[in-house]
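Here is how the chains run, residue by residue.
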Amino acid sequence: MKRRSFFNLILGFCTTAVSAIVGLPVLSVFFDPARKQTVRRGDKPHEFEAVESLPIDIPRKREIIQKGTDAWDRSDPKPVGAVWLVRRKGNTVDAFSVACPHLGCATGFNSEKNVFFCPCHDSAFSLEDGKTIFGPAPRGLDPLPVKIEEGKILVTFKKFIQGITSRKEA
Amino acid sequence: MRLRDWLNNRTGYRKLLDHLLNEPVLGGARWAYIFGSALAILFCIQILTGIVLAFYYSPSTKEAWGSVYYLDQEILLGWFVRGLHHYSSSAIILLLVTHLFQVFLYGAYRPPRELTWWSGILMLFVTLAFSLTGYLLPWDQKGFWATSVVASIAGTFPVIGHFLRTTLQGGNDFGNLTLTRFFGFHVFLLPAFLTSLFLFHLFLFRRNGVTPHWKRDTNELHKKTEPFWPKQIIYDIIFATALVFVLSLFVIVQHGAPLDAPADPSSSYLARPEWYFRWLFELLKIVPGKWEGPAVLGFCLFTFFFLAALPLVEKSPVPSFKNRRVHLVVAFGIAGLISWLTLSSFIADWNDKGVALQEKQAQTETAKALQLAKGGIPPGGALDLYLNDSYETGKRLFMEHCKNCHKAGGEEEGEGSAPDLTNFMTHEWVKGLIADPTDPKYFGKTKITGMDPTDVPDEDLDALTDYVLSLGGLAPHSKRGETLFEDSGCHTCHPRGNEEASDGPTLDQYGSKTWMYRVIKNPDHPLLYGEQNEMPAFDGKLLDSQIDDLINYIFNKKSLVVSEQL
Ligand code: HEM
Ligand code: FES
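As given, the protein sequences belong to chains D and C, one line each in that order. Plus 1463 on top of the position in the first sequence (first one is 1) and you've got my numbering. Plus 2 on top of the position in the second sequence (first one is 1) and you've got my numbering.
Simulated from the structure, these hints should not be mistaken for laboratory data. Glycine included, C-beta positions come from ideal geometry on N, C-alpha and C. Any given hint might turn out to be false.
What the hints assert, rightly or not - Distance ranges between label pairs, derived from CB positions:
(1) S1468/D - K292/C: 49 to 59 Å
(2) I1519/D - C302/C: 43 to 53 Å
(3) G1505/D - D354/C: 33 to 43 Å
(4) F1469/D - D7/C: 46 to 56 Å
(5) V1492/D - L124/C: 17 to 27 Å
(6) P538/C - K1530/D: 19 to 29 Å
(7) P1540/D - A358/C: 30 to 40 Å
(8) K1530/D - G356/C: 29 to 39 Å
(9) P260/C - L1474/D: 50 to 60 Å
Claimed, not checked - Computed, partial: chain D to chain C, Cβ under 10 Å:
(10) F1493
(11) R1504
(12) A1513
(13) A1562
(14) G1567
Unchecked claim - Below are the DSSO-like pairs computed for lysine-lysine, each with C-alpha atoms no more than 27 Å apart in a straight line:
(15) K449/C - K1615/D
(16) K292/C - K1621/D
(17) K1594/D - K1610/D
(18) K287/C - K1594/D
(19) K1594/D - K1622/D
(20) K292/C - K1594/D
(21) K1594/D - K355/C
(22) K1615/D - K1552/D
(23) K1524/D - K287/C
(24) K17/C - K226/C
(25) K515/C - K447/C
(26) K1524/D - K409/C
(27) K409/C - K433/C
(28) K1576/D - K355/C
(29) K1621/D - K287/C
(30) K447/C - K1524/D
(31) K1615/D - K523/C
(32) K481/C - K433/C
(33) K1524/D - K443/C
(34) K355/C - K1524/D
(35) K1530/D - K543/C
(36) K292/C - K1576/D
(37) K543/C - K1610/D
(38) K1631/D - K1524/D
(39) K447/C - K1615/D
(40) K1524/D - K1576/D
One chain only, chain D, in its complex shape:
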């Protein structure tokens, strides 16, 4: 072996070893949260008022107040999002996430035009089924599972990935 290439070998070995020993753990610490459920919320359904106390076909916004953990932090119940409740004829209830499926702004309800409306990029959603009727939102409002027990409305809250046509939980 030539002297030169021997030195190069040593140099190469040392740099690779040191970079690997320090660099790989650093990369791991940097990227690990990307594949973790860092923020966890309970999946117990939330109880709201009795069905009869909602008006028919006029949406009501309700806060979701929930316990959860956020990395190291276990918190008492706190607001984590909001839902639209719409009572239909025949005493069924539809629930939609308030988060706009476009990029996540909070939607509102426009009572003149009778549509859900997002003030960020002007998406509008149908009152009947939450479908997108105007604007950039790639899908309709995200429906949430509703149950009615003893006349009370129970909604399971979920968050979805925004900006895509398919509905995937975040």
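Please build the complex by placing chain C with the ligands on the supplied structure of chain D, with the hints as guidance.
Only chain C with the ligands this time, still in chain D's reference frame:
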């Protein structure tokens, strides 16, 4: 002198200083060259103010808002330092764009200055990254909502979107790790990156010198060449000083940087980015659904590649405007488009009533949060300010237990099967009740009957009202009212003490807290509404402190009626 000699012998600083100050400026000092040094000064201001901000700032969702609040409101001149940091970041963007245009127009990107140009472009992006990460740090409504939108945008990138988003925000949702991460970027990584780029940029600039206007001929340039010190440095200093003056004046006029109410994911805050990202925001709005991703990505990539490729493709012998028509058109096209998008975004908001209303609501929330924060941030974090606030607790309790039947003139939307409590126990409310208890606003929709409308002249009604209110200490005693009360026979049904067996509810301490306690705890008590009552009794269901909060809410509910259409 001896000390300086001593130092010079060991460091050789004179040579360095000489080198720095006497470096020739080709063609002499020019105002056109002032922007770079002004940027350096502003960046130093960011570092200095940033470091003291970091002495107070605490990167966690429970503490960030409170720590910024504390610095802003409780530390002498804290608001000024934070204001400088905030507005200086805007000034940096403005200056960067100006600087970029100056060197572009003079053709300073041309060989041998490609690397200077490229490092400059990189610095523009690093600065935008600074602004983006800094904006979230206070964890207030503005920063939270604007930055969530950005994270969502990152998530829409083809293929890598999801990974990009979760890496950026440090997990599946915004939370503590988003803040620690953004803090790490903003305070360690980006400053290190920008400083290195800047030193590289400066080194190259010193090596290759300025690029004078192409029309000036070589002879003239060489004749007029002079060292940096004094003239160019004086120009630079004058401009930078003026800039700092204007900036601090601006900070004072604005009373520092805005701090919104604490981030609340359940609220409907109107998300708007900082002004220099408005064009992007508007672009997202005007491009139809499925073209949005490609359009936004395409536009950004095009701009980036246009800037980056400029030194490689623009090879005319002289960078005169005539020789660079296409490049000028593209550059001004991009700048024009961005300005137009920015303007139309602001104009759209100015013309929107809903936006104004939501902004007003946000201001009310902000003022409230700042007021509550004076008592300290609760252990559960800044959002608990509201939970611990009697008014907010009362509101929540009202929403939960009362609003299905009662209205109270606030955000609740009762069905109104029970008396409407809007303006409860005001003169107007009680007068209306006495005038016609069967009105649907009062007991009209309940099973409570037995009292007919009171048909007396208006002044008498006023006097009666005053008298009834005086029983609970809500109005001064009215002698006339008392006489009327007895003459009209009200007392035959309504006792004014606690004697048993009466037809109507007692008016003992009517409208007072004691009376409210009774009504809320046991409305079916024989002295109150007895068998006609339909309201649930809350005795044992609500704590006294909760009833206090409810009463507080009913008497103080917001006069600000929140529009349904938001
Ligand atoms: C080009 C450089 C920089 C820009 C454009 C920039 C921009 C910003 C912005 C827009 C904010 C939010 C301010 C607000 O609205 O409250 C912020 C906050 C902050 N920055 Fe910077 N920054 C820069 C450099 C630095 C440096 C070098 C440091 C520290 C070494 C730093 C430390 C902080 C801290 C601790 C906060 C949080 C406190 C607060 O938000 O009031 N910044 N920055
Ligand atoms: S976030 Fe709702 S339209 Fe863009």
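> Has the given pair, K292/C with K1576/D, been kept, meaning a C-alpha gap of at most 27 Å?
Replying inline: Holds, at about 25 Å.
>> Given the hinted pair K1594/D and K1610/D, is their Cα-Cα distance within 27 Å?
In response: Roughly 21 Å between the alpha carbons, so the hint for K1594/D and K1610/D holds.
>> For the restraint on R1504/D, tell me whether the closest CB of chain C is nearer than 10 Å.
In response: holds (9 Å)
> Is K543/C close enough to K1610/D, meaning Cα to Cα at most 27 Å?
Replying inline: holds (26 Å)
> Straight-line Cα separation of K1524/D and K1576/D no greater than 27 Å?
Replying inline: holds (17 Å)
>> With the threshold set at 27 Å, check whether the alpha-carbon distance from K1594/D to K355/C stays at or below it.
In response: holds (25 Å)
> Is the interface hint for G1567/D satisfied, with its Cβ closer than 10 Å to some Cβ of chain C?
Replying inline: Cβ of G1567/D sits 5 Å from chain C, so the hint holds.
> Are the Cα positions of K1615/D and K523/C separated by 27 Å at most?
Replying inline: Cα-Cα ~24 Å, so holds.
> Given the hinted pair K287/C and K1594/D, is their alpha-carbon gap at most 27 Å?
Replying inline: Since the Cα atoms of K287/C and K1594/D sit roughly 18 Å apart, the hinted pair holds (cutoff 27 Å).
> Is the straight-line distance between the alpha-carbon of K1594/D and that of K1622/D 27 Å or less?
Replying inline: Distance ~18 Å between K1594/D and K1622/D Cα, so the pair holds.
> Holds or violated: K515/C with K447/C, Cα cutoff 27 Å?
Replying inline: holds (25 Å)
> Is 46 to 56 Å right for how far apart the beta carbons of F1469/D and D7/C are?
Replying inline: holds (49 Å)
Hint violations for this structure: none, all hints satisfied.
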